[in-house]
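A.B. asks: Heads up: the sequence lines are chains P and H, in that order.
Using the numbering used here, you'd call the opening residue of the first sequence number 1 and step up by one each time.
Using the numbering used here, you'd call the opening residue of the second sequence number 1001 and step up by one each time.
Hints were generated in silico from the structure; no laboratory data involved.
Do not rely on the hints blindly, as some may be mistaken.
[Claimed, not checked] Below are the SDA-like pairs computed for lysine to any residue, each with C-alpha atoms no more than 20 angstroms apart in a straight line:
| hint | chain 1 | residue 1 | chain 2 | residue 2 |
| --- | --- | --- | --- | --- |
| 1 | H | K1175 | P | S249 |
| 2 | H | K1175 | P | A186 |
| 3 | H | K1175 | P | F18 |
| 4 | H | K1175 | P | Y222 |
| 5 | H | K1175 | P | A102 |
| 6 | H | K1175 | P | V98 |
| 7 | H | K1103 | H | Q1074 |
| 8 | H | K1175 | P | A9 |
| 9 | H | K1204 | P | A99 |
Treat the numbers as computed from the prediction; the structure is a model and nothing was measured.
Below, each chain spelled out in residue letters.
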Amino acid sequence: MRRFALLLALSLAVTLTFLTLPIVAIFLDSSPAELVRSLGEPGALDALWLSLRTTAISIAIILLVGTPAAYLLATRSFRGRALIVTLIELPLVLPPAVAGIALLAAVGPSGILGGSVESAGIQLTFATAGVVVALTFVASPFYIRQAIAAFASVDRVLLDASRTLGASESRGFLRVMIPVALPGLAAGTALAVGRALGEFGATLMFAGSFEGITQTVPLAIYDRFSTEFDAALALSAVLVAVSAAILLSVKLVQGGRALSGWQVE
Amino acid sequence: MKRALVLAAMLALAVAGCGGDDDARGASADATRLVVSAASSMTEALESCAPGFEEAENADVRLSFAGSDELAAQIRQGAPVDAYAAANTRLPEELYDEDLLTKPVEFATNEFVLAAPADSQIDSVEDVAEEGTKVVVGSESVPIGSYTRESLAKLPPAQETAILANVVSNEPDVKGIVGKLTQGAGDAGFVYVTDVNATGGDLKAIDLPAELEPQVTYGAGVPTAAREPELGQSFVDGLTSGPCADALAEAGFGSAP
């Protein structure tokens, strides 16, 4: 059996090296001084600010609409529920280029709803709003999927208890379900934030690329890749740092909850 | 123990399997793989002549299309490319100066035009300067983007400023510009006449006054790190005469000066 243990250890070593080496290389290849200098250029800051803004807006939309929807899917069983869940999860496995084409076909200027969007006075292509639409489209399944699982794993006794004590369902949802499911919801949020920050293809195809309007950090990285590789590296390093911080904060929140005995077994 | 061996064998197979897609495109098993990096604007032309080249040279041609600058950056990062065809001569010359490419040859010319959807009212540079026109251009690093800025710089300053203020997107390659126009997202853009031809009538090409037209010359060479330098060289030679040269001419490219 020792050989098997060895094989397990070897697999882990290979996995770890493969996944961390490229990320470590980003930092080894760019000096801290270079990083600070590249971030000093206005275009880089514009891209960062735009990425943070659009991600924040799309996450707010996802949480606001996605949480009740996920609650419904987690607590009711009805005909076609499995189909609905599958449809909601579909963007999860769509290539970004397909997401871009799909958005153009739906709400692009010559898309099926393009006319109504335009006559409503909303501009999506070449506009920051278009970036938000792209991010929301690709990121929401990551949150909703996790939220359904989180709500479904809450012990129904808790909700029933709140109902017997006279709380309405909406009160039970807000005061019992959400607090208890919070670690799972936070994990889903983190995944969605990560996906939104990293979105590239759908944004480029649907919204275009313009500094300060539609050029998010991944687009800015691609724009600099050919001519200013160092600047591309610096921006990549920032994105890695931000993503790692998000992941870490969620782990801490979850760890804290688990330690203080909040999680329902 | 036995299971561990099976697991290890499966891992080995999975790794070996990664390189086993040679027959995917019908090339014969002993065909030599040739990796060609070419500017997006040549997509249709080179795709149509590649099968003939494959047959004649018993090669398995892998075409990789992107902005010429992205492709040059890949070569600088050590990508195994056997032939590089760019939409300008500056990028190949730069690679040549860095000892990364053989002496580039000029193999075709293209015409820099204003493009707009076929049913558009736009038919001159003046129209593009109108406030509110959505103009899509190439980003500064890609050849079409630098040709665009070079050309606009020859306009009266007020007109140049007006057009640049109308720019709504800096696309990473010509395909991005054309896509935005055919989708009706953009009103006008600056591309090569061959890109307009390739849309089969969706877009119209508007000729620019001769003094605005930059000289668009395409250059190609064989990367010094090529795995198949000889085959790469014969592909590059084929761009000036042979089926690929004919395909380029048919797509609307001019012959080299």
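A.B. asks: State for each hint whether it applies.
C.D. replies: Hint check:
1. Straight-line distance between C-alpha atoms of K1175 (chain H) and S249 (chain P) comes to about 40 angstroms, which puts the hinted pair past the 20 angstroms bound.
2. For the given pair, K1175 (chain H) sits about 39 angstroms from A186 (chain P) by alpha-carbon distance, which is inconsistent with the 20 angstroms threshold.
3. Taken as a hint, the K1175 (chain H) and F18 (chain P) pair is broken in the structure, with Cα atoms around 33 angstroms apart against an allowance of 20 angstroms.
4. For the suggested pair K1175 (chain H) and Y222 (chain P), the alpha carbons sit about 16 angstroms apart, so the restraint of at most 20 angstroms is met.
5. Restraint check: the Cα-Cα separation between K1175 (chain H) and A102 (chain P) comes to about 17 angstroms, which is no more than 20 angstroms; the hinted pair holds.
6. Between K1175 (chain H) and V98 (chain P), the direct Cα distance comes to roughly 16 angstroms. Compliance with the 20 angstroms bound is thereby established for this hinted pair.
7. Distance restraint check for K1103 (chain H) and Q1074 (chain H): the Cα-Cα separation of roughly 18 angstroms lies within the 20 angstroms cut-off, and the hinted pair is therefore satisfied.
8. With a CA separation close to 47 angstroms, the supplied pair K1175 (chain H) and A9 (chain P) exceeds the 20 angstroms bound.
9. Of the pairs offered as hints, the one joining K1204 (chain H) and A99 (chain P) is violated, with about 28 angstroms between alpha carbons and a cut-off of 20 angstroms exceeded.
Hints 1, 2, 3, 8 and 9, counting from the list given before, are not met by this structure.
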